[in-house]
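There are 4 protein chains.
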Amino acid sequence: MTRRFGTLEEEKVFKDPVHRYIHVRDELIWELIGTKEFQRLRRIRQLGTTFLTFHGAEHTRFNHSLGVYEIMRRMVENMEERENWDPEERLVCLSAALLHDIGHGPFSHSFEKVFHTDHEEWTREIILGDTEIKNVLLVMGEDFPKKVADVIAKTYENKLVVSLISSQIDADRMDYLLRDAFYTGVSYGQFDMERILRVMRPKEDQAVFKHSGMHAVEDYIMSRYQMYWQVYFHPVTRSAEVILSKILHRAKHLYSNKYKFKDKPKHFYSLFSGKITLEDYLKLDESVILYYFQEWQNEDDPILKDLCERFMSRRLFKYVECDPSIQMKVWPELIELFIKIGLDPNYYLVIDSSSDLPYDFYRPGEEEERLPIHLLMPNGDLRELSRESDVVEAISGKKRTDHKLYFAKDILEDQSTFPKEKQRILSLLIAQEG
Amino acid sequence: MTRRFGTLEEEKVFKDPVHRYIHVRDELIWELIGTKEFQRLRRIRQLGTTFLTFHGAEHTRFNHSLGVYEIMRRMVENMEERENWDPEERLVCLSAALLHDIGHGPFSHSFEKVFHTDHEEWTREIILGDTEIKNVLLVMGEDFPKKVADVIAKTYENKLVVSLISSQIDADRMDYLLRDAFYTGVSYGQFDMERILRVMRPKEDQAVFKHSGMHAVEDYIMSRYQMYWQVYFHPVTRSAEVILSKILHRAKHLYSNKYKFKDKPKHFYSLFSGKITLEDYLKLDESVILYYFQEWQNEDDPILKDLCERFMSRRLFKYVECDPSIQMKVWPELIELFIKIGLDPNYYLVIDSSSDLPYDFYRPGEEEERLPIHLLMPNGDLRELSRESDVVEAISGKKRTDHKLYFAKDILEDQSTFPKEKQRILSLLIAQEG
Amino acid sequence: MTRRFGTLEEEKVFKDPVHRYIHVRDELIWELIGTKEFQRLRRIRQLGTTFLTFHGAEHTRFNHSLGVYEIMRRMVENMEERENWDPEERLVCLSAALLHDIGHGPFSHSFEKVFHTDHEEWTREIILGDTEIKNVLLVMGEDFPKKVADVIAKTYENKLVVSLISSQIDADRMDYLLRDAFYTGVSYGQFDMERILRVMRPKEDQAVFKHSGMHAVEDYIMSRYQMYWQVYFHPVTRSAEVILSKILHRAKHLYSNKYKFKDKPKHFYSLFSGKITLEDYLKLDESVILYYFQEWQNEDDPILKDLCERFMSRRLFKYVECDPSIQMKVWPELIELFIKIGLDPNYYLVIDSSSDLPYDFYRPGEEEERLPIHLLMPNGDLRELSRESDVVEAISGKKRTDHKLYFAKDILEDQSTFPKEKQRILSLLIAQEG
Amino acid sequence: MTRRFGTLEEEKVFKDPVHRYIHVRDELIWELIGTKEFQRLRRIRQLGTTFLTFHGAEHTRFNHSLGVYEIMRRMVENMEERENWDPEERLVCLSAALLHDIGHGPFSHSFEKVFHTDHEEWTREIILGDTEIKNVLLVMGEDFPKKVADVIAKTYENKLVVSLISSQIDADRMDYLLRDAFYTGVSYGQFDMERILRVMRPKEDQAVFKHSGMHAVEDYIMSRYQMYWQVYFHPVTRSAEVILSKILHRAKHLYSNKYKFKDKPKHFYSLFSGKITLEDYLKLDESVILYYFQEWQNEDDPILKDLCERFMSRRLFKYVECDPSIQMKVWPELIELFIKIGLDPNYYLVIDSSSDLPYDFYRPGEEEERLPIHLLMPNGDLRELSRESDVVEAISGKKRTDHKLYFAKDILEDQSTFPKEKQRILSLLIAQEG
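Top to bottom, those sequences are chains G, S, Y and U. Its first residue numbered 107, the first sequence is counted upward by one per residue in this note's numbering. Its first residue numbered 107, the second sequence is counted upward by one per residue in this note's numbering. Its first residue numbered 107, the third sequence is counted upward by one per residue in this note's numbering. Its first residue numbered 107, the fourth sequence is counted upward by one per residue in this note's numbering.
Don't take every hint at face value.
Because identical chains share one entry, a pair is satisfied inside a single copy or across any pair of copies.
[Claimed, not checked] With a Cα cut of at most 20 Å, we get these calculated PhoX-like pairs of lysine-lysine:
#1 Lys411 x Lys381
#2 Lys424 x Lys118
#3 Lys424 x Lys309
#4 Lys142 x Lys515
#5 Lys358 x Lys372
#6 Lys142 x Lys424
#7 Lys424 x Lys366
#8 Lys316 x Lys118
#9 Lys389 x Lys370
Calculated from the structure, these hints are not laboratory results. Every value quoted in this text rests on a predicted model; they were computed, and no experiment measured them.
Next comes chain G alone, as it looks inside the complex (with noise of 0.2 Å):
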């Protein structure tokens, strides 16, 4: 029988911005470093299309990855001198919070509407696979890499160890924010994380937060609604996330009516099939993917050239709001209209929506339950956050949606041909917005 891991001989430390040092001293999380599957990370942005929108938003995964681990230290530590709290899922922890992005490809939320992939799969699928990772954590012992697995899936059995990933907050949330905020230069993913991981308490089946610190919790809580609107869900970065899907379904479907392309695509081929190995997956990172854009800005396929040259030049698609049931009467004649002009309204109209919940209070049968955050009063019981603060129960529960319609401008605006029916369409569009 081979050793297992212990400390490190010396304490490793990463310089973060963010955290400004991540602090090493299991030799398991070292070697998990170490991985190539791990590395792979690095070449995977953290916002995906965000840069286009935010300069400063370039960060990867691999950065995000270690910030998540580093707050799950610091949670372990806390919770180590409290009840409740079973020592022996310390490295099951700080492997999960390293780990739980593991499963992510390029621009994942693009690929996933387009590929039907799904990064949690993956996840598992890396952990449990033929994988260097699988190979680190098996020194752990036999069932160790399940139960990292097993975390990051919400079916562990321990509930508390989950809540620390995977809740309304909790270190992978709380890293995103920090770290979001401060890559992209804006004011309102501040809180302050170091009261809130001191007034955390480990309970049964979840961390709760002691009364007192309340209104970090709260601060917490409006910083991810303003992070939400802010960033995530930006026009610009939506407009970008939309033309990367059409270049995605354009390839696809360029692919199925066996198109030549002139450089072979063979790192989408699994893609396009639907059946993709864990080798393939894994090849797959956000310059491989560049890569292609930028040779089928050459393509002869005038669709997929001109997306391609749009996002490679950051020639975005323009928006309008607009309401899903008005818009509907004037459908019809938009893609009549499109049609006529010959643009393909299947790439070049397109409507995008995006909802939150900003925080939610358990309802139970409900799709996607999220156990609510509670509060600890000073007489012990545990309270709902939401019948304690304010502002929380103002957002709680209200899924505020947007939808907005992206087109391009630049060639509707270009009057040397049908220029009746662009006026037309431009009109029609504006009058959306009311």
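Fit chains S, Y and U to the given chain G structure using the hints.
Chains S, Y and U alone, transformed into the frame defined by chain G:
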């Protein structure tokens, strides 16, 4: 005659984590940012391989170029009320600031060493050649592109303008120190830019600084000094740089020797042959390079394959300090031993030297003359900085050089083959450190 | 006729930790800062007794007044290019911003409650009375002092100008939120002031905010909400406030009853008698008050002596939450018990209530009408903030009140005398918390 | 025998703007903070008259003392796992850190010069005399107060412990550089304390620093250097200091000459007579001093009155640089002219010199020996810092001195009396600057 660019109807702003906001009022600047050559800078990291040492440093030259523009905008705003300033130069300055790095390719440092490209030459070609940028600049007048190119090339007649972008204290250096410190998370790069800008005064040949602001300038020089040794010359970054260069050398060598690549490296052909067109050059970015490095992990050539795996999974070389004179004695033996164990010393035993001259006073006739920084004394005289400042005096004109010997420690520590020879190599290497 | 003030030969700057630099170009402002009435603000803390809770909060009204001036300066700079803005108002605005707090005395809140002084009235007297400030203002014209006083009193004709200094989002509030957050060290008071200033537009009656900046305004309202409950109404600060008021009450009571003070409290005579001259008022500052408190530690009156010792050595009262209706029932018993054990309940059992209305829309006819914040919609319409923002709507018009009962727990816990009665008091008090 | 202090049931925290939180777990520390002698530090500013130059610098010694304690707490935490560290010293260290400035009085620098008090002696008296602090310390053992006093007096046997609070890089200096930079708003005082603490290693005589952290130590030395010349020796602060000293001199002189003060300066009697009791000393704080300065504005003595008005309303002296040797020549003439125009040169013409030795290596036998900073080399050797660092070498052992001549420029510029003599004085003074 077409109209020239004017002022935007509404000022555009970019959120920037370093300068908070970047303000654009000129149509010219807005159009330049939108060109495909400028957008390409989004795919070239500002600090090359540094992200493998400081994971936060994933920012690109796009990010930095906007920052240099913003500093220049503030400089010009300050200058505009002063003597010696020609308002006609405003847009020349802003354009030069924005475009000063436009000629950079992927991992410039290594590429220039291996393929003898020169980013300054490419800058000139991009500004004066058949590009979107040239066409935008032309709107401002027939000679406008050349003016901008001349400023960047330091051949422009108005030396004051040149000094704002290329001197020992200019918009470029100020942005990169602040920005690289921000993204790496180190605290060394901080200095009081606002104060420096406030004490800056235009003189005929260069900008000078009021004596009352000397300490802010001193602090800037010290930041620069610290950043060089803490970040820019970090030995781990240099290790990645060494591997990167060796990959390029190997690929070129294989190409020259008619090696059959599995996937044709067509983006490299013109680099290998030394005849690069502007069109070819503009296709190069870090996505493309990383695409190939990923592919080359599957090549048959063991050296190319190994080096690419190392780079992609950050399995870098280790190093020892070495004194070039002492090292000469053991060099023949080392070479022999490397050959004996089957490791090509051309790729696996590399000396890398870094040296820095943190501040220099003017020494006419030397190879790279650098204009010294001058202080404006209360009585109107000018005085060279190091004559007033003890700390600057201390580091003036002193070139500091550091030599390191990089090698694949992991291979040498694998004792399954050639244990005796490897042991000998390791002991020779460790002895270098004295 | 004497000359009016003009522009300083060279701009003066103050280093400020909140706004980085405070810029002064106008002789008028420079002269106002130099008056002895303005310098007196250096001896009056911005947050009264808060430094006993947050030790960092030792900053003064001098500090804050410069900050409000600086924000106003930036506001006016932004306004100057817009419609609806009268450039003649510039110096009126800057002077009013600088002087808006000039009438504050030491620990204003408690002094006003006990001695019925009114800092707004004193502001008027200082600006219009026989002071250095009045003489400086007069240089700008006979009616200039009155203009400045009217702006601060909100009676000025130009309501836009009034709104910049007194509204739900003005230079005063913006500075104190940022500044108090900075000095206390809490993270709640942060918001993006730069963005708010950028989206501000002058209208006839008030400044409004472009809809695109709504989230920055929301964030400001939330900061305000958090700062009130986390800092301004902190129960420990209120405990110090309670003791301070009781000291003043006691001293006044003793004076009315011909008590012989060891050291004559001559600075208090006019306060005690209710006939305060401007000269007397200007002599009051926190040094003077603390001088007396220190002296009174040696007085014979046990209540005055004890309360002063408590204040000087921060031995504050403890508190329980109390519901005013429930509390009425036990009140008579408590009073009786206090008297029995020899503790005067007028000084040792105190109810303190705080309430806050974080944001209010306009309800004509109510006692303190506050102009609501308006958003400027893309089509030019104005819209009241809470109609657009969920979170602001949630807290609009909702007064939140909090009642606390303060008492000298240390005395009650000293069981060497009246153990039974004290035990009973403690159990009655603790029962309040339910 | 009574019990010793133990651990608090729940850790207490103070929100601190510099270190974010200050953590107190020990009852001993909590009790010390609550003593009246420690609370008195809230009424003594950390930087004396500096708030008249940098308005943000209103923080007190209370604020700083907590900060030094917190840094010491972290240092000890780091040490606890290392060799050479005696765990018994923990509470001695923490107490000494907290109390190291307890002997300071108001505006110490000037008071010590004029009245020959010595804050180090008073520190000893407060720790060992009849005080609340002594009583709290005694709980830890009969000899505990003396241990703490010895550490502060640098006579403690364990030199390592002494070095943590008094050396060229100690908890005291680290806190004040960071804190004073924070409150003044200057950017010079920043350095990476976290890194310095991480590379600190206990040795028998002192703490040393791992060579890998040399640059952080360098940066700290440079911060110190910059703060001295930018903040601590700022000429405007020194002007206020000059006036303050002259007020004290004048009051003492008047007292010696039986001058009848309108309001008896009883707090000063023992200072004037040179026989100060501990009780008298503890009554002195800045409120008391400012109370008298305010009163003295109404005295009949024109010099005392004028100087107090100047101090209270910040009407300071102006200055010229002066070379002490040249100045000697014109001194007699200046004195004569001052007397002629009726200005007492003892109060209105003052030379002030500042000098700083930013870093010193050990020179045995010199008057104030300072232990040099040592680096711990990879091979275990120790090496003095300036031998490894160019920049530190540059400023080592070099005393820099600056002489200024302060005078009441406003009086000299009032040409209504003695115009010729005043003109002559001004020209002599201006000529000093060469």
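Hints and how they fare:
1. In this homomeric assembly, Lys411 and Lys381 never come within 20 Å of each other (Cα to Cα): the closest approach is 26 Å inside a single copy and 27 Å across copies.
2. Within a single copy, Lys424 and Lys118 get their C-alpha atoms only as close as 47 Å, which misses the 20 Å cut-off; across copies the closest is 16 Å, which meets it.
3. Taking identical chains as interchangeable, the C-alpha atoms of Lys424 and Lys309 are never at most 20 Å apart, the minima being 49 Å within one chain and 30 Å between chains.
4. For a Cα distance limit of 20 Å, the shortest separation of Lys142 from Lys515 across copies, 19 Å, qualifies, whereas the shortest one inside one copy, 43 Å, does not.
5. For a Cα distance limit of 20 Å, the shortest separation of Lys358 from Lys372 inside one copy, 12 Å, qualifies, whereas the shortest one across copies, 25 Å, does not.
6. Taking the shortest alpha-carbon separations for Lys142 and Lys424, only the inter-copy value of 18 Å comes in at or below 20 Å, while the best intra-copy value is 39 Å.
7. For the identical chains of this complex, Lys424 and Lys366 are neighbours neither inside a copy (31 Å) nor across copies (46 Å), given an alpha-carbon limit of 20 Å.
8. Proximity of Lys316 to Lys118 under the C-alpha cut-off of 20 Å is restricted to the inter-copy arrangement: shortest distance 15 Å between copies versus 33 Å within a copy.
9. For the homomeric pair Lys389 and Lys370, the shortest alpha-carbon distances inside one copy (16 Å) and between copies (18 Å) are both at most 20 Å.
The structure does not agree with the numbered hints 1, 3 and 7 stated previously, though it agrees with the rest.
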